[in-house]
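Got chain R sorted already, so can you dock chain S onto it with the hints?
Number of protein chains: 2
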Amino acid sequence: MATTSTTPPASAAYIKALRVGEGFDLLALDPRSTPGFDGDKAAGEKALAALGDRLAELQERLYAESKAGGTRSMLLIIQGMDTSGKGGVMRHVVGAFDPQGVDITSFKAPTAEEKKHPFLWRIRNALPTAGQIGVFDRSHYEDVLIVRVHDLVPQSEWSGRYAQINDFEAEVVASGTTVVKVMLHISSDEQKERLSERLERPDKHWKFNPGDLDERAHWADYQEAYQAAVERCSTDGAPWFVVPADRKWYARLAVMNLVLEHLEALDLQWPTADFDVEAEKRRLATMP
Amino acid sequence: MATTSTTPPASAAYIKALRVGEGFDLLALDPRSTPGFDGDKAAGEKALAALGDRLAELQERLYAESKAGGTRSMLLIIQGMDTSGKGGVMRHVVGAFDPQGVDITSFKAPTAEEKKHPFLWRIRNALPTAGQIGVFDRSHYEDVLIVRVHDLVPQSEWSGRYAQINDFEAEVVASGTTVVKVMLHISSDEQKERLSERLERPDKHWKFNPGDLDERAHWADYQEAYQAAVERCSTDGAPWFVVPADRKWYARLAVMNLVLEHLEALDLQWPTADFDVEAEKRRLATMP
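As they're listed, the protein sequences go chains R and S. So that you can map any letter, position 2 of the first sequence is 2 in my numbering, and since no number is skipped, the others follow by simple counting. So that you can map any letter, position 258 of the second sequence is 1258 in my numbering, and since no number is skipped, the others follow by simple counting.
Hints were generated in silico from the structure; no laboratory data involved. Heads up, none of these hints are tricks.
Only pairs whose alpha carbons sit at most 27 Å apart, straight line, appear in this in silico DSSO-like list of lysine-lysine: (1) Lys248/R <-> Lys41/R; (2) Lys204/R <-> Lys41/R; (3) Lys1067/S <-> Lys207/R; (4) Lys281/R <-> Lys1192/S; (5) Lys1108/S <-> Lys281/R; (6) Lys67/R <-> Lys1207/S; (7) Lys207/R <-> Lys115/R; (8) Lys281/R <-> Lys1207/S; (9) Lys1192/S <-> Lys1204/S; (10) Lys1067/S <-> Lys204/R; (11) Lys207/R <-> Lys248/R; (12) Lys46/R <-> Lys1046/S; (13) Lys281/R <-> Lys1248/S; (14) Lys1067/S <-> Lys116/R; (15) Lys67/R <-> Lys1108/S; (16) Lys67/R <-> Lys1116/S; (17) Lys1108/S <-> Lys1248/S; (18) Lys281/R <-> Lys1204/S; (19) Lys248/R <-> Lys1067/S; (20) Lys248/R <-> Lys16/R; (21) Lys1041/S <-> Lys1016/S; (22) Lys1281/S <-> Lys192/R; (23) Lys207/R <-> Lys41/R; (24) Lys1192/S <-> Lys67/R; (25) Lys1041/S <-> Lys46/R; (26) Lys1067/S <-> Lys115/R; (27) Lys1204/S <-> Lys1041/S; (28) Lys192/R <-> Lys108/R; (29) Lys1067/S <-> Lys1281/S; (30) Lys1248/S <-> Lys67/R; (31) Lys204/R <-> Lys1281/S; (32) Lys192/R <-> Lys1067/S; (33) Lys108/R <-> Lys1281/S; (34) Lys1204/S <-> Lys1108/S; (35) Lys204/R <-> Lys192/R; (36) Lys207/R <-> Lys1281/S; (37) Lys192/R <-> Lys248/R; (38) Lys1281/S <-> Lys248/R; (39) Lys1115/S <-> Lys67/R; (40) Lys1108/S <-> Lys1207/S.
Only a predicted model underlies this, so the values are computations on that prediction, with no experimental measurement involved.
So here's chain R without its partners, still in its complex pose:
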């Protein structure tokens, strides 16, 4: 199996456990499993909370590097069926990042303006700048997921997009952006329960849309489209990671660890001062 372009550290347990490689079979992956972690929910929540300090330092180093002229950045892409927990990952994982260094873009159905452009146009416009962690809540993969399931463009068109995506991502990686692509993988039964909860609780009604059930009716087609996407677009430079997500606590812990392991692989260093530190100390000391 191919390795990632940046060498993950020996401790990169989640990268190893969740990476999509040759022969990957989505239907064979148990959405209730917890690869790379053998504790229970309480232990998982404790483990997630304990990662905050490491994250804070790594993210600050990435940001600091850019202030000293560095060009590296990170892009975290989150995909998954409705109710798979994308919002929870945003709140509990991305919410743990320093908000000054993160930018979430949520991709909805393309606007009239966006439709005038090639499908990657709006994606390019949302790429992270140096030092930042960009986060995509859905992404260009919708252009080979919902678009494929409903033939929103002819098959002759969407079938060419896998290669276009691979070329595009290779270019993004070459420009200095570490790309981390995550699919949150839930079971049909779990989705049924989560949709049911949204219908039972008045404070969750606003999250429900009757269209969610129309989409659910295409469950098998979506699984097939996801299988094709992660299989055809898991490249050396930008591999896919499929995270079992029936247990929300595990999915959050796994995504956080994937981010941390990729940040660690960057071997980020504090920039050295580009001014005379001792001279500035003396100058400050003489000020009132």
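The following block gives chain S in isolation, referenced to the frame of chain R:
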């Protein structure tokens, strides 16, 4: 003294304690004081952590309201001298918000493009959309602060900006945005200590710029410019709040409470379902 346009709840202790009213004197406000809170640092940090659940629910209600067609939003403006703790407020207060509902804009020296437009142009472009909490790290107030201190435009020009700002903010408030303007108020001694720490610690060197000392030399001019700004632009619809900030823990607690009190004043309700809940339950139940 005038009251805010939305009536703060009886519990709005921080709004009452920190609001800039008639006769406000910046130089008379002790930067080490803790208005509205009589505990120590440990108690303050505990109090801040305890506010998370209330914040999460209020922010989600604001977001949900917009999904049901509501147009309200919030804009939090943070101003303060270098090292006054703006970054810490972003990390520890704004960092506690759901990142899906928040958008930070950090205003630097205007770009060539921005300079071609009136000073409020880039501000308008960054206003929050419905359901969002926009956060400004520095703002249009720099156009009556650094610009005034260094006469970057003629006095005849900057002196007219106070009225322009008041008109602009009145328009923003009328459009449904609650504006919360906060100045973090530190002492000159405290700044000296914080700059000194940045020089002592190699992992903080990247935060230091020799220009910071050039600005420090204008301390008194900046205090005068801040006094003018908060005095002339504390309006009924968009009052200023000056937060003593020599104690970082207090400043964070105060800003969080100011946000919460303003959110509570909005009396946010969960939207009611715009679909037949029982029919959707039956439909879901029949699905595999």
